[in-house]
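Those protein sequence lines, which keep their order, are chains X and H.
Residue 45 is where the first sequence starts when you use our numbering, and the numbers rise one by one after that.
Residue 589 is where the second sequence starts when you use our numbering, and the numbers rise one by one after that.
Calculated directly from the structure, the hints in this document are not laboratory data.
You may find that some hints are simply not true.
[What the hints assert, rightly or not] Here's a subset of chain X near chain H, in silico, CB distances under 10 Å, partners left out: (1) Gln82; (2) Pro84; (3) Gln89; (4) Ala136.
[Claimed, not checked] What the simulated footprint calls covered on chain X by chain H, stretch by stretch (three residues with Cβ under 8 Å from a Cβ of chain H suffice, anywhere in the stretch; the number is not a length): (5) 90 to 103; (6) 147 to 158.
We put the beta carbon where it would ideally sit given N, CA and C, even for glycine.
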Amino acid sequence: AQSVSQHNHHVILSEAASLELGCNYSYGGTVNLFWYVQYPGQHLQLLLKYFSGDPLVKGIKGFEAEFIKSKFSFNLRKPSVQWSDTAEYFCAVNAATGRRALTFGSGTRLQVQP
Amino acid sequence: TAGITQAPTSQILAAGRSMTLRCTQDMRHNAMYWYRQDLGLGLRLIHYSNTAGTTGKGEVPDGYSVSRANTDDFPLTLASAVPSQTSVYFCASRGQGDTEAFFGQGTRLTVV
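Put together the whole structure using the sequences plus the hints.
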């Protein structure tokens, strides 16, 4: 079975600071990787995804993530955060074949102070 | 299109009572999922269905049941609610060629 670890549970940044959220997964086979965002009171929305090709993927709102296969990592980055980025961020993984339900990390709450 | 619709949006339920959380999608997605979201635990898979007529157990299935009579609907039933089932429940679906899942707005359930 796959598992996902997010090491930062709560991050507080000032506007314009750079962001990096860690995500590591464990799974023996080929995976697809995702970052979802949940704004306060809302449902989950896809930020970006990786399933093959260039390991550096760009998503919406200036976010990007890099898949490093040797480290089983898929860290999320943004060069300059905004107050509107305040949200909870979830890393998720699913197997590329077979049962493809997403397995989520425990989430990182990002608070951006103006 | 509406995407995924969940009902109700919130509910307070007495312990021991039964309840069905409804989920309907209009995207003709084959796969559907139920997750619960709890603080510090992220989202955990309760049950899933890869296609109409089939269901499977996820990570935390105890106390819940599902059915998938058709492509569009995937109700989640709590036969006898307990306070530990207080949570936010999200329904999700995924199309045949899609890698990601799409989520509903969630149902906030409080069992007292």
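Against the structure, the hints:
1. With a least beta-carbon distance of about 8 Å to chain H, the hint placing Gln82 (chain X) at the interface is held under the 10 Å criterion.
2. Of the supplied interface hints, the one on Pro84 (chain X) is violated, with its beta-carbon coming no nearer than about 12 Å to a beta-carbon of chain H, more than 10 Å.
3. Because the closest C-beta pair between Gln89 (chain X) and chain H is about 8 Å apart, less than 10 Å, the hint holds.
4. Proximity of Ala136 (chain X) to chain H holds as hinted, the smallest CB-CB distance being about 8 Å (cut-off 10 Å).
5. Coverage of the stretch 90 to 103 of chain X by chain H holds [criterion: at least 3 residues with CB-CB distance below 8 Å; count 3].
6. Counting residues of the stretch 147 to 158 of chain X whose beta-carbon sits less than 8 Å from any beta-carbon of chain H gives 5, enough to reach three: the coverage restraint holds.
Violation of the numbered hints given earlier is confined to hint 2; every other hint is satisfied by the structure.
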